[in-house]
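Residue strings, one per chain:
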Amino acid sequence: MTFLTQLLNGLQLGSIYALVALGYTMVYGIILLLNFAHGDIIMVGAYISWIVMAKLGMSPALAVVLSVAGCTLLGVLIDKVAYAPLRNAPRLSILITAIGVSYFLENGAQLVFGADAKVVPAFISTSTIKVGGVSLSLNAIITIIVTAVCTVVLQLLVQKTKLGKAMRAVSEDMGAARLMGINVNTTISFTFALGSALAGIGAVLYSMAYSQATPTMGIMLGTKAFVAAVLGGIGSIPGAVIGGLLVGFAEVFVSALGLSVWKDAVVFLLLIIVLVVKPTGILGRTMNEKV
Amino acid sequence: MSSETKQKRRPVIVQMESPNLIPERDLGQIPVLEAKHIGIDFGGLTAVDDFNIAMGRTEISGLIGPNGAGKTTIFNLLTNVYKPTRGTILVDGYDTAGMSITQVNKLGIARTFQNIRLFSQMTVAQNILVGFGNSMSTHLVTDMLRFPKHWKQEREYRDKAMDLLGIFDMQRFADTKAGNLPYGAQRRLEILRALATHPKVLLLDEPAAGMNPNETEELMDNILKIRDEFQIAILLIEHDMSLVMGVCEVVGVLNYGKIIAKGTPEEIQRDPKVIEAYLGKQGVK
Ligand SMILES: Nc1ncnc2c1ncn2[C@@H]1O[C@H](COP(=O)(O)OP(=O)(O)OP(=O)(O)O)[C@@H](O)[C@H]1O
Ligand SMILES: [Mg+2]
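For the record, the sequence lines run as chains A and B.
Heads up: the first sequence begins at 26 in my numbering, then just goes up one per residue.
Heads up: the second sequence begins at 148 in my numbering, then just goes up one per residue.
Partial list, computed: chain B residues near chain A (C-beta under 7 Å): (1) I248; (2) K253; (3) L276; (4) V277.
Here are some chain B residues the structure puts well away from chain A; computed CB gaps all over 10 Å: (5) L174; (6) D197; (7) R204; (8) T232; (9) R233; (10) T235; (11) K299; (12) E303; (13) F377; (14) D387.
Below, a list of computed lysine-lysine pairs in the BS3-like style, where the Cα atoms sit at most 25 Å apart: (15) K303/A to K324/B; (16) K185/A to K324/B; (17) K296/B to K185/A.
Note that these hints are calculated values from the structure, not bench results.
By construction, the Cβ of each residue, glycine as well, lies at the ideal position given by its N, Cα and C atoms.
Modelling step: build the complete structure from the supplied sequences, incorporating the hints.
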């Protein structure tokens, strides 16, 4: 029974990491950028939920819609304003820019909302459901189902749609893709939109679980999700999901053993071990870097 | 293999405004591809200098020359991958200066690569569908919101992709990962992917490289077939003389970035400058 609860907790946390890791992995896959601002997009999403529900007293459904839409727009906007002008610049320039955007968002949020944590109201009123005498967290179940659905939809988008194919083509060989008539800018915007929409969903799910918005909440969440993406093999979509779940399980089980102070350390240890054994991550393949 | 001719009848080649040659049958229309005095410098190195070409709409031309002569660089110039230091490029009459690579492709230039650059993690059919991309009508929003309509179109294009694969008898490979194809098949797939973008000019960079004589022979037939069926112009770079002499109507010889001779395959084979610069070294088979 407690095992089932822990399993559910692991899946819940892992699902959130997976959603965030997908954003890292897709953006890296297409423009080889570690988008340091990605975690902060989630923070903005959490604040949007807080504003909509706590400040404006509107419905949780609207909070979900506006958080996801807000994150999507923000992600595309960051790319257009900060990254797109540097497309042909050395990779280090764009990396530093990403760090700058991250600081900008964190400090911007602190300026606007203050440093103290805001309490995001509950999205749903009932918190547990009983299944065969065992009460399970409804939040956890919703999180797991939403993540599973998102993963399937994403996989369909990437495998089946024209833009999905363009995305994969650009990530394999941007130069050849251009020569085949693919509009690379649209494709990159689409990638940012997808990744940031998932971050928005992640923001809602995270707020459901932890009910808090702080200016720096994206840092650790982002770092863990980034670790998940690298674990799974950065650039690989199934890899991000596997990595996310692994990190989630590792944390929950370490905590369940009463060693919760060690949970972050264990996550990074896991990263080190995987990278020593398989430097490209679990499902990673060597990236061909040509221009 | 002898350089026995594959073209059924040798076309009449006429001298255009010097130094360009064009098949007589294409004379009524503007050249589909024209380069005027183009050149490019890399630092101190002049990789290509004063290159001129005018391609008739159904012409098959060859570009030969020793390694490092600048052949691939010319393809990179014609496709806007490199911006020319000097000169003008017209595709279908439009000056491509300032255009993006994608725009130039949409104007009608498609190419293959000397070192194969397929999307190797994608399937054979998907590679072709990527090529079809610019003629498919869906956009970001409709793609996401109108799945049924989208999937209907996707099926139509899959059928078209199968038709294209039929040219090289490759339908059975449709769902194979492109990277797992045999080498010769990868080269053929690159040609089909380029054709899927509906080009008016097809640029082939060493299409026979790594092919065995049988495959090369087949490729020659197929190059002619593609030209006849799609009514497009083809410019190819090739070291295999049997192929060049067999299918090309006009051949240009490049040495150290400059065209040193231009003419029909027969004229080129007889040209002492060519024999000295190129054929002398590599030998004619
Ligand atoms: N981006 C570049 N920067 C600097 N030099 C270049 C660049 N691209 C090509 N060159 C130089 O231009 C010259 C011509 O190269 P190119 O690849 O066009 O030769 P090629 O005729 O295609 O040769 P091969 O038959 O070996 O393919 C070479 O000296 C090459 O080093
Ligand atoms: Mg070359």
